[in-house]
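Chains as they are written, first to last, in the working numbering: chain Y, 1 to 115; chain Z, 116 to 229.
Hints are computed from structural coordinates only; laboratory data are not their basis.
Being a predicted model, the structure only gives us computed values, none of them experimental.
Backbone N, C-alpha and C define an ideal beta-carbon position, used for all residues, glycine too.
Hints may contain errors.
Among the chain Z residues that face chain Y by a calculated CB cut under 8 Å, a handful are [as the list claims (entries may be wrong)]:
(1) Phe127
(2) Gly131
(3) Val134
(4) Asp153
(5) Gly157
(6) Tyr163
(7) Leu205
(8) Gln218
(9) Pro222
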Amino acid sequence: SQQGEEDPQALSIQEGENATMNCSYKTSINNLQWYRQNSGRGLVHLILIRSNEREKHSGRLRVTLDTSKKSSSLLITASRAADTASYFCATDLNAGGTSYGKLTFGQGTILTVHP
Amino acid sequence: DGGITQSPKYLFRKEGQNVTLSCEQNLNHDAMYWYRQDPGQGLRLIYYSQIVNDFQKGDIAEGYSVSREKKESFPLTVTSAQKNPTAFYLCASSIWPASSYEQYFGPGTRLTVT
Numbered sequence: 001s002q003q004g005e006e007d008p009q010a011l012s013i014q015e016g017e018n019a020t021m022n023c024s025y026k027t028s029i030n031n032l033q034w035y036r037q038n039s040g041r042g043l044v045h046l047i048l049i050r051s052n053e054r055e056k057h058s059g060r061l062r063v064t065l066d067t068s069k070k071s072s073s074l075l076i077t078a079s080r081a082a083d084t085a086s087y088f089c090a091t092d093l094n095a096g097g098t099s100y101g102k103l104t105f106g107q108g109t110i111l112t113v114h115p
Numbered sequence: 116d117g118g119i120t121q122s123p124k125y126l127f128r129k130e131g132q133n134v135t136l137s138c139e140q141n142l143n144h145d146a147m148y149w150y151r152q153d154p155g156q157g158l159r160l161i162y163y164s165q166i167v168n169d170f171q172k173g174d175i176a177e178g179y180s181v182s183r184e185k186k187e188s189f190p191l192t193v194t195s196a197q198k199n200p201t202a203f204y205l206c207a208s209s210i211w212p213a214s215s216y217e218q219y220f221g222p223g224t225r226l227t228v229t
C-alpha cells in the first residue's frame, strides 16, 4: 500500500535553529497532513495541505507540497525545547479522483531540540 | 470538554486471552479509527468506521474485531488469534472523510501480552 516516508529518521538541533523534515509518497493523493506525537502520547494535528496547494503556514510551521515530486516538507522555525517530539506525515490515496477516506502514516521523524 | 478517551492507559494480559480496549468520543464525529503503533514505527490502520453499525477492515485487521453500536463508542477486541498483540493502540475520530479533515486522537492504550 502507498506510504509516506519521512526523512531524516532523526534530527537533533539547538534551540533557535530551524528544523526541516521531508515526506515522500508513492501515488497520487488528495491531501497531506502533518501530525506531532510527544513520547507515549496520542497524535496532534498540525497542518493539512490539499493537493492543489503549494505552501501553507501556521505560526512557526511552514509546509510545502510538490505533487510533481510527490514530496512535502515541514519547516519549524526558531525551534524550542518543547518542539521535541516525533513528526508524522499522513496521506490519503486518490484512486480515480475519489478518496477512500483513510490516512496512511509514515514512520516519522524524531526531532530533539536541545536547550 | 470535548475529546476522545481511551481506557485503560496500560493493560496486561496473558497469551491466549481476548482483551477489549475502550474508545469513547464526545465530538459528535461520524468516523472513528483504530491504529496500532510499534516502537519506532508509524501508525497502521486496524479498522475504521464511517457511521454507526458500519465498519471496514484496515491494513492489519487480522486478529482484531470491532463494533460500532453507538456513535460515540468504538471498542476494539484483540483476540487470541493476533500473533503479536503487544503494542500501543490509538483511537481517533474525525468528520468523514478523514482525508479532508484532521483526526483527533485519544491518549492511547499500551497493551502488553505475556
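How the hints compare with the structure:
For Phe127/Z, the suggested interface contact is broken, since its CB lies about 16 Å from the closest CB of chain Y, more than 8 Å. Annotation: Gly131/Z was flagged as interfacial toward chain Y, and the flag is violated, the nearest CB pair being 27 Å apart, outside 8 Å. Checking Val134/Z against chain Y by beta carbon gives a least distance of about 20 Å; that is not within 8 Å, so the hint is violated. At its closest, the beta carbon of Asp153/Z sits 10 Å from a beta carbon of chain Y; the interface hint therefore is violated under the 8 Å criterion.
Below 8 Å, beta-carbon pairs count as interface contacts, and Gly157/Z has one with chain Y at about 4 Å; its hint therefore holds. The interface hint given for Tyr163/Z is met, as the beta carbon of that residue sits about 6 Å from the closest beta carbon of chain Y, less than 8 Å. Here the hint on Leu205/Z is kept, as its CB sits about 6 Å from the closest CB of chain Y, short of 8 Å. Of the supplied interface hints, the one on Gln218/Z holds, with its beta-carbon coming within about 7 Å of a beta-carbon of chain Y, less than 8 Å.
Because the beta carbon of Pro222/Z sits about 5 Å from the nearest beta carbon in chain Y, less than 8 Å, this interface hint is met.
Hint violations for this structure: numbers 1, 2, 3 and 4, all remaining hints satisfied.
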